[in-house]
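These are the residues of each chain, in order.
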Amino acid sequence: MSRSKQTLAALFAGTLFGFGLSVAQMIDPAKVINFLDFAGTWDPSLAFVMAGGLIVNAIFTPFILKRGKPLLAEYFRLPTKTEIDKRIVIGGVLFGIGWGLAGYCPGPMITSLSFADSDILTVLGAFVVGTFVARWVLAHRSA
Amino acid sequence: MTIVNFTPLPALLGGALIGLAAAFLLYAKGRVAGISGIAGGVIYPESKDDIGWRLIFVVGLVLGGFIYQLIGLGAGVDHIQAVVSKPMLILGGLLVGIGTQIGTGCTSGHGICGLARRSPRSLVATLCFMASAIVTVYVTRHLIGAS
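Chains A and B, in that order, give the protein sequences. The numbering used here puts the last residue of the first sequence at 123; the count rises by one with no breaks. The numbering used here puts the last residue of the second sequence at 528; the count rises by one with no breaks.
FYI, nobody ran anything at the bench for these hints, they're computed from the structure. Heads up, the beta-carbon is just placed ideally off N, CA and C, and yes, glycines get one too. Any given hint could be a false lead.
[To be verified] Derived pair list, reagent style BS3-like, types lysine-lysine, alpha-carbon separation capped at 30 Å:
| id | chain 1 | residue 1 | chain 2 | residue 2 |
| --- | --- | --- | --- | --- |
| 1 | B | K429 | A | K(-15) |
| 2 | B | K429 | A | K61 |
| 3 | B | K429 | A | K49 |
[Said to hold, decoys possible] Examples of chain B residues toward chain A, derived with CB under 8 Å:
| id | residue |
| --- | --- |
| 4 | V385 |
| 5 | G395 |
| 6 | I432 |
| 7 | G453 |
| 8 | I471 |
| 9 | L472 |
| 10 | L476 |
| 11 | I479 |
| 12 | G526 |
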């Protein structure tokens, strides 16, 4: 399978994703924090972003998986774990605190580099550091 | 509660594009479009030959933002800015990085892709981060007024 086709596919998917985040206005942390603010100025828009993404993806996914293998790769690489462990709960809660504090989840944070200012570089830099440290610790924990 | 700035149509359309992008990545490369996982493999790679497509995908995320502005849809983008102080951005960014790596996913990987596959793990993760984000905003905005 050609390497350049794979590169093109990744570029197309990333670009469409970033464009979608922009159209949805998820790149605006004021909207994100208002979405999370049920007790104050609530902006329900983000529920529609999630619903739109989830519905479209949920319609296509079973048909895609039924094909047996992806177009440009040997097999589907899906998460195999099914148990509900402490990690998924603790990680989810920590991520939510960070999301609520800053108003950025990873996708919009990266897409916002298209109009980066010092605030966006700050939150993205902190995300990179947090990600690196967590992955380093997780990789060396059992070794 | 007051409802503000409600934009259901762009939200639904943008969401649908995100869903299409995720479906396309699965169809073409057999990969889950979880941004924290894809970016994590660039920031701290597990294997060398698995970095390329991740980096390209991340570049695409930024490119998508550029295209949105180039074709004139970005009117108002210059008004978009962070709404909290730098220390809050640092703390928030760190926790987003740490939390998504411990919990193996974020809004996209668990919320859009995992739920589409009806993964119970992703459901638990999504409920956890939604709940803790809502509580966090309640505390910072209404209890201590720190945001």
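Going through the hints against the structure:
no.	hint	in the structure
1	B:K429 x A:K(-15)	19 Å, holds
2	B:K429 x A:K61	24 Å, holds
3	B:K429 x A:K49	23 Å, holds
4	V385	5 Å, holds
5	G395	2 Å, holds
6	I432	11 Å, violated
7	G453	12 Å, violated
8	I471	5 Å, holds
9	L472	6 Å, holds
10	L476	3 Å, holds
11	I479	4 Å, holds
12	G526	11 Å, violated
Hint check: violations occur at hints 6, 7, 12; the rest are consistent with the structure.
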